[in-house]
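Participant: Based on the provided sequences and hints, a complete structural model is requested.
The listed protein sequences derive, respectively, from chains A, B, C, D, E and F. When you line the first sequence up against numbering that gives the first Met the number 0, it's residues 0 to 259, in that order. When you line the second sequence up against numbering that gives the first Met the number 0, it's residues 0 to 259, in that order. When you line the third sequence up against numbering that gives the first Met the number 0, it's residues 0 to 259, in that order. When you line the fourth sequence up against numbering that gives the first Met the number 0, it's residues 0 to 259, in that order. When you line the fifth sequence up against numbering that gives the first Met the number 0, it's residues 0 to 259, in that order. When you line the sixth sequence up against numbering that gives the first Met the number 0, it's residues 0 to 259, in that order.
By construction, these hints were calculated from the structure, which means they are not laboratory data.
Derived DMTMM-like pairs (lysine to aspartate or glutamate); straight-line CA-CA distance at most 20 Å:
| no. | chain 1 | residue 1 | chain 2 | residue 2 |
| --- | --- | --- | --- | --- |
| 1 | A | LYS113 | A | GLU102 |
| 2 | F | LYS113 | F | GLU156 |
| 3 | F | LYS113 | E | GLU149 |
| 4 | A | LYS113 | A | ASP137 |
| 5 | E | LYS113 | D | GLU149 |
| 6 | C | LYS113 | B | GLU149 |
| 7 | B | LYS113 | A | GLU149 |
| 8 | D | LYS113 | F | GLU149 |
| 9 | A | LYS113 | C | GLU149 |
Examples of chain F residues lying across from chain D (beta carbon under 7 Å, computed):
| no. | residue |
| --- | --- |
| 10 | SER51 |
| 11 | TRP73 |
| 12 | MET171 |
| 13 | SER176 |
None of these values were measured; they are calculated from a predicted model. Every residue, glycine too, gets a C-beta built ideally from N, C-alpha and C.
Number of protein chains: 6
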Amino acid sequence: MRPNPLRDRLLNNERSVGCWLSSPSSINAEVAARVGFDYTCIDMQHGLVDYSSIVPMLQAINLSTTTATVRVPWNEPGIIGKVLDAGAMAVIVPMVNTQAEAEQVIERGYYHPKGGRSSGPIRVQPLEDPDYPEIANDHVLMIPMIETIEAVENIDEILSVDGVDAIYVGPMDLSVSMGLGRAKEDPPFVEALDHIAARCAAHGVYPGIHGNPDIIHDRFGRGFKMVTVQSDLAAMRLNLVESLAIGRGEGVDDAGGGGY
Amino acid sequence: MRPNPLRDRLLNNERSVGCWLSSPSSINAEVAARVGFDYTCIDMQHGLVDYSSIVPMLQAINLSTTTATVRVPWNEPGIIGKVLDAGAMAVIVPMVNTQAEAEQVIERGYYHPKGGRSSGPIRVQPLEDPDYPEIANDHVLMIPMIETIEAVENIDEILSVDGVDAIYVGPMDLSVSMGLGRAKEDPPFVEALDHIAARCAAHGVYPGIHGNPDIIHDRFGRGFKMVTVQSDLAAMRLNLVESLAIGRGEGVDDAGGGGY
Amino acid sequence: MRPNPLRDRLLNNERSVGCWLSSPSSINAEVAARVGFDYTCIDMQHGLVDYSSIVPMLQAINLSTTTATVRVPWNEPGIIGKVLDAGAMAVIVPMVNTQAEAEQVIERGYYHPKGGRSSGPIRVQPLEDPDYPEIANDHVLMIPMIETIEAVENIDEILSVDGVDAIYVGPMDLSVSMGLGRAKEDPPFVEALDHIAARCAAHGVYPGIHGNPDIIHDRFGRGFKMVTVQSDLAAMRLNLVESLAIGRGEGVDDAGGGGY
Amino acid sequence: MRPNPLRDRLLNNERSVGCWLSSPSSINAEVAARVGFDYTCIDMQHGLVDYSSIVPMLQAINLSTTTATVRVPWNEPGIIGKVLDAGAMAVIVPMVNTQAEAEQVIERGYYHPKGGRSSGPIRVQPLEDPDYPEIANDHVLMIPMIETIEAVENIDEILSVDGVDAIYVGPMDLSVSMGLGRAKEDPPFVEALDHIAARCAAHGVYPGIHGNPDIIHDRFGRGFKMVTVQSDLAAMRLNLVESLAIGRGEGVDDAGGGGY
Amino acid sequence: MRPNPLRDRLLNNERSVGCWLSSPSSINAEVAARVGFDYTCIDMQHGLVDYSSIVPMLQAINLSTTTATVRVPWNEPGIIGKVLDAGAMAVIVPMVNTQAEAEQVIERGYYHPKGGRSSGPIRVQPLEDPDYPEIANDHVLMIPMIETIEAVENIDEILSVDGVDAIYVGPMDLSVSMGLGRAKEDPPFVEALDHIAARCAAHGVYPGIHGNPDIIHDRFGRGFKMVTVQSDLAAMRLNLVESLAIGRGEGVDDAGGGGY
Amino acid sequence: MRPNPLRDRLLNNERSVGCWLSSPSSINAEVAARVGFDYTCIDMQHGLVDYSSIVPMLQAINLSTTTATVRVPWNEPGIIGKVLDAGAMAVIVPMVNTQAEAEQVIERGYYHPKGGRSSGPIRVQPLEDPDYPEIANDHVLMIPMIETIEAVENIDEILSVDGVDAIYVGPMDLSVSMGLGRAKEDPPFVEALDHIAARCAAHGVYPGIHGNPDIIHDRFGRGFKMVTVQSDLAAMRLNLVESLAIGRGEGVDDAGGGGY
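Facilitator: Printed below as a string of structure tokens:
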């Protein structure tokens, strides 16, 4: 098997820093993957990517050693199987709110007897290992997202599901679902984060969360181990805004959120 | 927010005329969007389009002021979120036959507290408004399709769902589901149309329907407010058939349906 | 209607030999379709193909007379409708384990009154027949896959569903679900194959199965009628391995599985 | 060899009516090719098409019997070879102003000994005939464009080149190069057209010209034999403009040129 | 005509700051174009872009008001015409070393009588102005590149060509052609830059040059008026390198050149 | 620098065995590149590939160690620069018939002072080496094709050009240009091959030639060192023809040439 830094760090309980890809571009993917992140995640949910771009993007990511990761659009068996067969070594699954939904994630991403994933690892077997079908269950990471108040309420049931070795918090959706809007550092929200991190520690589950450069060390400090620090499009836009300001001889305006 | 003619006309109870895009082409989309329709709808259900074409098509449509509309392939949360994040301001959802299915449409297309749409408006926020997450619920139109006899029987329950401000009738499927085949102007079918329009008027819901140039004024006359008059491929084919007949010095054959 | 060799052979209970397309290439598809297989199946489940490649691939396949076939990624109504509208004349649906799931396959692939397929045959109607909507139910083949021990246990219920005229066995998944791993010629597995073939004969259903050149005549001998013998990528790789060995002046190594 | 209506009509000195494809869409191409034109020409010069779209467009065109024709962007050997290898049976070459340039067209499009086309008919040989390399020179049409005053002055030298069996007039460029702007029906322009048609008749060369439905019979009347009557994008736009006007209950505005 | 900030600034002899696009992505293009640069240039020479990406990228750029600019791969008439027809309002042409080559640039990019550009502005006419064919010569900028010692020696002849209103220096190639390698701030190189800027001032030609944030004010100080400050891929990579270093809690390594 | 087996074998005067890619598919490319050929050549001349597919195909090839090679469509500076910048380590240039044309190949492919290649190695520099601009001339192979009787007559002048370290014979075109048609093993043709190989040996140039499994050892025996043994599409088709014959229980028909 090729190196899988995200899984190695999970096994060692070390911190992982990741990058997000929101654009369906194998070139953005190659540039980002070379930077040295522990994992590089193609976002099929909110990113502008669908399956037709996944194969060339994974080919580009596989030129580096970062863990090839995909966030699927939804907890749906067809797409989970397809991204695994194409070479994803970690799969983030949105909106897992109950134990039953977490069990579906495991069922759909792991082979018998751990789950019921259909066999046909067309690209990943020659890429990773001739014995991939026998060993995949020990290498692939299926990562449910915790991003609603309902999921927080069900956190122990979700973390107890056999096969859930990591989770990933969607802070924007969590804050919105708590009625706090996008001002997501209100005390109840922060308490929810701390609660999630504490329960992960108790269950021996590796806790991940979406972040940015301003907030990543706060998140690590709260016990999160896997934090996404930047995306391809936000990185591009922020640097271009700064570069234009330099060119104009002006101070940098607040670069704004931009949504990327 | 950019102009949204379909929503403005809905608010004013004025008639809207729309165009259908069945081809995955950002060039067809740019040409059609320039013509001046109130809405231009990319058809992901029966059209030959999937998500990989949606972003360039929406970019092309956004060069004009027509309301960027998408018909998704099915009432499925992943794709509804993706087309909204990419910039659709109206989403038509096929085969909504029950109140529960209509509630799903609202749940999947609107943010908390109106629904549970996941937050990540990657393209639409910079395009439309920095405050898009806060105001989207007041601008996006989620439009269930009424296209089976079951839906007609459940029409009051569907129209009563909070958030259903418009519906869209699929006349072909409705006629077929009534056992009338494609000869869809039989009295029971027309009575069903009249019933739908009347119940929409009673509920204050804006009624839409698929049409063509021969039938659009009949539909307006029956109380429908939003009628699609033509598609990119049918328009092209019809004019080419006429042009060839002129070139041959012949009368125009019956251009036929062609299915486009 | 164009020729449909797979259906003709089914009606005559003759053997069919098919080809699998795992790559999203209209050029691979044109080359393979010219070879003369009875059916050529685009694999959207384990192949590296999604809908954005389906239309050009079907255009390429339609240059020959082989039956244009698609395996969809999952038993999901949106994609079943889309591949039929685009021109598939046979659709293979994975992981059909119960009578209810088999009924869904029929419901989603056939028009009223046989099922509830939505009407909008945008490409297939002009391609195949102006009366396609009226006659499609008599020409399209909806083929559930039997690929788990659960499905074998439910085989009579599945084969009894009205509209199930053929099934297709996924031997790898079947063997894995039986706890036999990939060594799939163990007696219990072979007994399961024989049982499936026998029940198909009893129900008058045409039994298909995935195969390869080494095993195809064993499968025919056991009563299977429709066997896929090779895929585009496996064919390419096997010949290239042999060609390189010739170029090196070496014997051919075991070409290995490769997963294609 | 497959039917080649343009060449058959040339040999019989019958009139041909053609269609232009300006959009890089295999779907537009399939729709247009089904209409029944004698030739369907993909425009790589002013159309929005490059080579990456040529193969799927030719696959789509080959589903009908219209002559697959390509206008290349320029008189350049690489692209002429590529479109022929991909399946073009007629190639229109812009801006041929001198006898030497006409000789280049022949050199680049025909095999030895007529020219020096490089051998490698990768798609067209299996499509058309196993003996394509031996017989292609008798089937392919290489068609220089006459579209400057310089070309008109050199018309006899150009028409005398062995292998020039047809030419194609670009009326817009010709009018502009004569200093007449786009008002291209001025007497000197019409005289130039008549002169070209007369010289073609004298040399036994089949004269083609770009047109539209209003002007096609004027062109036929002046002796032109091959007239393009409409394009995919102009057809679509014209019908959509009319359809919107009907929907609005208005007369059709002048649809305008639009440039398509 | 839409706004054309680059041309307005040229007419007012004001400084322009530009952005470079090296990736064939309409999404990168939309993000970059929103930032507010005076011009945004798609690089078809050293960027990873060819014509098949130009149309969607121009559609994306046209959503903002930045001048849509293209650097073509070479001084070749086919591609110059194609990018202009698709909507480029400025075209940068590499490796113009002599007066004759500068005259070709003008001939290929302007209509009669200024040049011989072929007429067929398929996308740009509806986008920009119905009278585009008559007024394009007053709006389009054709910009030869000065990037060899030979071009510097011929600078007065090149700047004297009627229609050359701006030039663009390629500093890397210039330095290399002077035998100075990539250490391009050696005195002879800087003297060459100063000479070019001085001769532009003397001829009333707007001088442009490739740059970066560190060097842009040096270039403005030397009299250059149009400086490209950053590219999509370099911007993305630089910010990702910084973001990863923050995530690791390390200082930023030298981000290195990377070649983007 | 990454491994470059073709150059290593050239330096050691060892035999190389190569693969040809005729299809614009990054998946075919990944499968073929894994097989273990010394070089894998994307054919932009007669293959169905243009630049838009080159970047993902090179990304796929770079997952293996085979030398990434491209045959450009023609001896044109724009495309030679583009494929080198994208990562080609060897470039085969068709139809080099004279010393002047061979000098152009060197001028276009090597940096100053060996040639005049424009600097901008956007993908290949980060992929291969930060010092790529300084060392590329020692690693890239520019390989002119010898494929006409004129080139054979000029063979000593071509082989004498500084920088020509390898050539590649196009046997089909050579045979045709000698008036021998496709029956290319006639004595004069074979004598021409022997003459080319002998002159290469005399000049210390590595001689390559197109081949197939039947003929590769004849070519090696005549002194050729670099022989292409198979292509992606021919490999696929040949194995599929055999597989179908097995499935039918028939002997293998003559698989025919097919032109791939």
